[in-house]
Amino acid sequence: MPISPDEIAVQRYTPEGGFLSLIVRHGNWGCGAPDTDGAPFETVGVETSIPLNQAASITVTDPIVPSTENQPIGVQEFLDWLDAHPDSGLVFRYSLGKDGAIDRLDQVFTP
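Position one of the sequence shown corresponds to residue 0 (numbering that gives the first Met the number 0), numbered consecutively onward.
Incorrect hints may have been included.
[Said to hold, decoys possible] Derived pair list, reagent style SDA-like, types lysine to any residue, alpha-carbon separation capped at 20 angstroms:
id : residue 1 : residue 2
1  : Lys97     : Val43
2  : Lys97     : Glu41
3  : Lys97     : Pro4
4  : Lys97     : Gln53
5  : Lys97     : Asp5
6  : Lys97     : Ser48
7  : Lys97     : Thr60
8  : Lys97     : Ser20
9  : Lys97     : Ala54
10 : Lys97     : Pro33
11 : Lys97     : Ser56
12 : Lys97     : Gly17
13 : Lys97     : Gly44
14 : Lys97     : Pro50
15 : Lys97     : Gly31
16 : Lys97     : Ile49
[Stated by the list, open to error] Label pairs and their in silico Cβ distance ranges:
id : residue 1 : residue 2 : range
17 : Asn69     : Gly31     : 18 to 28 angstroms
18 : Lys97     : Glu46     : 17 to 27 angstroms
19 : Gly16     : Ser66     : 27 to 37 angstroms
20 : Thr67     : Arg103    : 11 to 21 angstroms
21 : Gly31     : Gln53     : 34 to 44 angstroms
22 : Glu76     : Pro33     : 36 to 46 angstroms
23 : Gly73     : Thr13     : 13 to 23 angstroms
24 : Ile2      : Pro71     : 23 to 33 angstroms
25 : Glu76     : Ala32     : 31 to 41 angstroms
26 : Gly44     : Ser87     : 14 to 24 angstroms
I should point out that these hints are in silico values taken from the structure, not numbers from a laboratory. Being a predicted model, the structure only gives us computed values, none of them experimental. In this text, a Cβ means the ideal position worked out from N, Cα and C, and glycines have one as well.
I would like the entire structure built from these sequences, with the hints used as guidance.
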């Protein structure tokens, strides 16, 4: 199965090594069943970590905020949610800055 180049399932985070990293699983969108809300994001391989810029732009939807439209939140608010909901596997589209850390993280709404 091909891996999406800019989408990840976020599991949790770690501050180890003196910098912040998201623990993620890579994957791609599978085929949805006829009577479902949409296609599932199917992860492959092992968990990996990607550094997160502490000034990253983050937008989220349900279940982090009560909205189906992406809403901006701060990095600490996102980390607090991950602490309370580890291994949720919510899918995000991301981009990396010149330093190799995630500088933009946008949740992909899945009903």
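Going down the list of hints, with the structure as the test:
no.	hint	result
1	Lys97 <-> Val43	27 angstroms, violated
2	Lys97 <-> Glu41	28 angstroms, violated
3	Lys97 <-> Pro4	17 angstroms, holds
4	Lys97 <-> Gln53	14 angstroms, holds
5	Lys97 <-> Asp5	16 angstroms, holds
6	Lys97 <-> Ser48	17 angstroms, holds
7	Lys97 <-> Thr60	27 angstroms, violated
8	Lys97 <-> Ser20	16 angstroms, holds
9	Lys97 <-> Ala54	14 angstroms, holds
10	Lys97 <-> Pro33	42 angstroms, violated
11	Lys97 <-> Ser56	15 angstroms, holds
12	Lys97 <-> Gly17	19 angstroms, holds
13	Lys97 <-> Gly44	26 angstroms, violated
14	Lys97 <-> Pro50	12 angstroms, holds
15	Lys97 <-> Gly31	36 angstroms, violated
16	Lys97 <-> Ile49	14 angstroms, holds
17	Asn69 <-> Gly31: 18 to 28 angstroms	22 angstroms, holds
18	Lys97 <-> Glu46: 17 to 27 angstroms	25 angstroms, holds
19	Gly16 <-> Ser66: 27 to 37 angstroms	34 angstroms, holds
20	Thr67 <-> Arg103: 11 to 21 angstroms	20 angstroms, holds
21	Gly31 <-> Gln53: 34 to 44 angstroms	36 angstroms, holds
22	Glu76 <-> Pro33: 36 to 46 angstroms	37 angstroms, holds
23	Gly73 <-> Thr13: 13 to 23 angstroms	19 angstroms, holds
24	Ile2 <-> Pro71: 23 to 33 angstroms	27 angstroms, holds
25	Glu76 <-> Ala32: 31 to 41 angstroms	34 angstroms, holds
26	Gly44 <-> Ser87: 14 to 24 angstroms	18 angstroms, holds
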